[in-house]
Structure formats: C-alpha cells, structure tokens
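K.L.:
As they're listed, the protein sequences go chains A and B.
508 is the number of the first residue of the first sequence in this note's numbering; add one for each residue after it.
-16 is the number of the first residue of the second sequence in this note's numbering; add one for each residue after it.
Rather than coming from a laboratory, the hints here were simulated on the basis of the structure.
The reader is advised that the hints may include incorrect statements.
DSBU-like, lysine-lysine: derived pairs with alpha carbons at most 30 Å apart [said to hold, decoys possible]:
hint, chain 1, residue 1, chain 2, residue 2
1, A, Lys646, B, Lys2
2, B, Lys89, A, Lys646
3, A, Lys737, A, Lys727
4, A, Lys737, A, Lys518
5, A, Lys727, A, Lys768
6, A, Lys768, A, Lys778
7, A, Lys518, A, Lys690
8, A, Lys746, A, Lys690
9, A, Lys646, A, Lys625
10, A, Lys625, B, Lys0
11, A, Lys580, A, Lys625
12, A, Lys584, A, Lys625
13, A, Lys746, A, Lys813
14, A, Lys768, A, Lys732
15, B, Lys0, A, Lys646
16, B, Lys2, A, Lys580
17, A, Lys518, A, Lys778
18, A, Lys584, A, Lys518
19, A, Lys584, B, Lys2
20, A, Lys690, A, Lys727
21, A, Lys625, B, Lys89
One letter stands for each residue in the lines below.
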Amino acid sequence: MMNNEPIIQIKNLSRSFGDILAVDRVSFVINPGEVFGLLGPNGAGKTTTVRMLAALLEPTSGEAYVAGFQIGKEDQKIRRKIGLLPEAPGLYDALTAEQNLAFYGAMYGVEEISRQIKHYLEFLGLWNRRHEPVATFSKGMRQKLAIARALLHEPEVLFLDEPTSGLDPQAARLVREFIAGLKGEGRTIILCTHNLEEADRLCDRVAFVNGHLVALDSPKVLRRKIFGRKVVFHLVEAKTEFTQVVEPFDFVSEVQVVENKILASVEDPEKNNPEVIRALVEEGAEIQFVGELRRRLEDVYLELMKSAEGSNNG
Amino acid sequence: MDRIRAIIVKEWREVFKNKFVFFTVAFLPLMITALPLGMIYFATGSESFAGVTAADLPPQFSAMCGELSGGDCMMYYIVTQFLLLFMMIPVIIPMTIASYSIVGEKTTRTLEPLLVTPVTTLEILVGKGLAGIIPAVSATWIGYLLYAAGAHIMVDNPAVVGKLFDPLWMTAIFVVGPLLSVFGVSIAVMISSRVNDPRVAEQISGIFVLPVVGLFIGQTTGFILVNQQFILWMAGILLVLDSVLFYFAIQIFQRETILSRWK
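One chain only, chain A, in its complex shape (with noise of 0.2 Å):
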C-alpha cells in the first residue's frame, strides 16, 4: 500500500480504564513508509495507543484507521498487516529460535516460512543458533528473535515498543541500524521509546503524549519552534561590544557572550549570517567559525512536558 494516503490515520482516540482515561482525544496521521516516534513519560498512553493501532484494545471513543482498515472493525485485517515488538520479547524459552519462528509463521499463514526464517536469522546474526533453546539467549539475542517474528510475515507497519531497552551499546546499535534498514525499505515504524537520541535519529517525525497529544512535528522543526535556532560564532576573542553589532539587526535576539562565542538566536541563519558575519568582521572580530547550537531532543522534550504540566495545573 505504498500510496499518499497516510497508512494511519486516528481521530479523537481516547480509552479510558475505569476511572482513569490513558488516552485522550489524540488525532494524528502517519504517512506510508514514515518512522514516526511516540514519546512521553511512562503512563502517557503510548503502549494503551499502540495497543489501539494494533487491534488489541478496542478504544472508548474516537477512530483509527490501520493501512486502509478500521480499528473494531477489521481487526483481523489489521492484523495481517502490522507487525509488533513489544517491550518485553515475550519468545517461548523452551522453543528453539527456529521453532518459535515457525509457530509465529503458522499463526500470520506464512508462506515459504523456512525461507522467511533462513532470511531474518541469517540477516540477524542468528541463523547458527536456531536448533538452540531461547532459554540460552542473551538479551540481544532475544530482542533480536522479537524483531524478526514482527517481521516473519512482512508487515506494512511495524510497531516497536523500546526496541533498544536494556541492550548492550553493541547491541543497540544493531538494533538501530536494522530499523534504520527497514526505512530504507519503505516500511512505515512507530517507535515508542524512552531513549530521546535514538528517536531523534530514527524519526521523520515525533508525537510527544502525555494522555493527551502535546505536539507533533519532526524533530528538527520541533526544537526550532521551541529554542528558535541559534548560532554559535567563535571567535579568537569575543569582546562584549561585538554584542552590540549584532544586536540591532531585526532578524537577531537573545545575543549573549559565552567565553570566546557570541550566541544569537537567528531568525533564517543561511540567509542572515552572512550579514551578521561581514559586520562583526568590519568591527574587527577575528571569526574561526560558525556553527548552530543544536539543541538536543531531550531539551524539547524537557520543554514541552514543563510546559504541558505547567497549563494541566494553570
């Protein structure tokens, strides 16, 4: 289903346990082939969400739509289309590698299963141990198995609850590396994950969730409507009276001296600095070089939750 129309769509989606509402009234699409991170702290709503997306629970109120399919509705064809890793791996420790596969692939009816086995096992790193119990297993191990069942049956969406958690650097960055293949294959991802860096890496695009959806955008457009961008000139010397050549023109704010580096939030830096440049020169300023501050995803996040708490408790 590789078309414009986005391959998730929700509106309004809210489910409620009792008294308490996980999610409430989240709207969003995904579009095809897209990594689309869900992050918020732990009780937000993003494993109740995929859950929803993944026909595993039905939703209080509201509608999704799952690679063309309704979510209440045509489960079972939603179904044949996702594929999940959950946080736990959740893979049968006194089963082989290979027959856990094998059992994934009767569930999804997998066709030509030995060659989807031989294709992820091998691909993994896995395919020498797959007549060994999972019980003997590392966790990387393990993960890794939990990766290639959501795959066996080749969904057009995969969804993966922190699919890098408690692994080794190595580890994870396979992991990583692998998810970053499946991109590259058209496959559309929802990541749910703790790790900020890794779904600034991976992600087209971010929901931030705290219950409700707190804001939506790629990463890069999200710390820029946040921190505004700011650019880092270095100087050989930064005297404070270079702050005020910068300071009046209409593009620049919040100009601040640093040690050596004068800080200036710039409105369009590859159209501005230039100007901004030719005149700390003229003013005698010895430039080494020019840099944007790149504000980490774990500061817009920071941000966002501050601010989103902040307006729960106004």
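Please build the complex by placing chain B on the supplied structure of chain A, with the hints as guidance.
P.N.:
Here is chain B on its own, set in the frame of chain A:
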C-alpha cells in the same frame, strides 16, 4: 486448522519439558491402572468370594449382574468400583497442562505477541484445550484398555470381563471421559486468568476434582450406584456444563479482557 495444530505442537513442546507436568501425564494413568489391577489380583486369589450371594451386594447392583453368580457379581462389583477412578484422569491431566500453559504464557509475557497475530480466540482455546484433552483422553483410553487386558488375564469368567465393554463402561470412557476433559480445561482457563502461579491454578482447579472423588467414595461406601442411567445423567449434565463453561472461557480469552483485566 494449521494454527490449531501449531498451537498444540507448541504447547506439547513447552509443557512436557516441565517435569511436574510430564510426571502427572505419565504416572497418574499408570497408577490409576495399576491400583485396580492389584485389587483384582488379590481378590481373585481370595477364596472368600465363593460363598457370596446376591443378598451380600447392593440390590440395585445385583440387578446389573444378570446371569452372573454371586462370586462373579462381586468380582464385577469390584471391577466397576474403579470406573470412577478412570474418570479422574481426564479431569486432572488437562487441568495441569492448561494451568501451566496459560499461567506460563502470562508470566513469560508471550500472550501479547500471540494476540497480535490473526489467530482467533476460538483457535487459541481449541488449540490449548486439545493440547490438554488429547493426552488426557489418550491416557484414559490406554489405561482402560490395559485395565481390561489385565482383568481378562486375571479374572476367570469371561462374562465378568465382558462387562467392561458394556454400554456403561463404553459411555463412561468414550463419552464422559472427553466431556470431563473439556470441563477440566475450561475450569483451568478461568482460574489461570486470575492467578500468576501455575501451582496455585492447579491447586484451585483441584477443588473441581473433588466431586469425582466424592462419587468414588460414595460408590465405594454404597451410597451411590454407578449404573447406565447414572452415567447418562452425568454425560448430559457435563454437556450442558461444558457448553456454559466454554462460553465463559471464550469471553475470558478475548484480547481486550486479557490485556485489561487479567491479573
């Protein structure tokens, strides 16, 4: 059908690696078969049956003996005593297997990846159910055949052994046995949804074996007579009970229920 078969094979691969489950499935039927055979062995060696008359037996049971002599009727009485013991196999084995299977899936968190596949609730339940019912019913039937063969060797009168193949036994073994297995599985499913330790699930499920034990004691002490009518009633009640319990088991095994209400 492929999914059900895959679930059955997966269940067996898993649960039979558990020593306790394996012991229950392998040794319970052996014990239940060996015990009555031992009793028959000692009874046939005893001369005290020679003077037994119909008056020494419960009157309703004497009526079941037909042309058999007093001694043979007593032997038939002893042989029939153990019928209800065989009824315990199809309840206990599926309860054990289903308890370990379902609670095992809960504790190892394997249910969510399973539920996200296109497998239906009915397929999961039938697969898990059959994984318990097939070994239980097979063990019951094999045990019964061994018992019949043993009795054939030890009991002189072929008419007494022939009674083991009368409609009473056939209905009990081939109809009531499987119905009891479905009962055992349904009970185990319901209990397993509420607990997180297979041993606890098994112990609570064990309460539901007590009626069978009660019937066995009642029959042994002469309070209850297990005859054809009794077995037919039992089959009818179990059929209704199984339908109701299986309906509840399906409700309990809905994805929504498992993920939002199971503990």
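K.L.:
Taking the hints in turn, state whether each one holds.
P.N.:
The hints, checked one at a time:
no.	hint	verdict
1	A:Lys646 / B:Lys2	26 Å, holds
2	B:Lys89 / A:Lys646	19 Å, holds
3	A:Lys737 / A:Lys727	13 Å, holds
4	A:Lys737 / A:Lys518	36 Å, violated
5	A:Lys727 / A:Lys768	23 Å, holds
6	A:Lys768 / A:Lys778	20 Å, holds
7	A:Lys518 / A:Lys690	25 Å, holds
8	A:Lys746 / A:Lys690	47 Å, violated
9	A:Lys646 / A:Lys625	21 Å, holds
10	A:Lys625 / B:Lys0	26 Å, holds
11	A:Lys580 / A:Lys625	35 Å, violated
12	A:Lys584 / A:Lys625	26 Å, holds
13	A:Lys746 / A:Lys813	35 Å, violated
14	A:Lys768 / A:Lys732	23 Å, holds
15	B:Lys0 / A:Lys646	22 Å, holds
16	B:Lys2 / A:Lys580	43 Å, violated
17	A:Lys518 / A:Lys778	39 Å, violated
18	A:Lys584 / A:Lys518	20 Å, holds
19	A:Lys584 / B:Lys2	40 Å, violated
20	A:Lys690 / A:Lys727	18 Å, holds
21	A:Lys625 / B:Lys89	29 Å, holds
In this structure, the hints that do not hold are numbers 4, 8, 11, 13, 16, 17, 19, in rising order.
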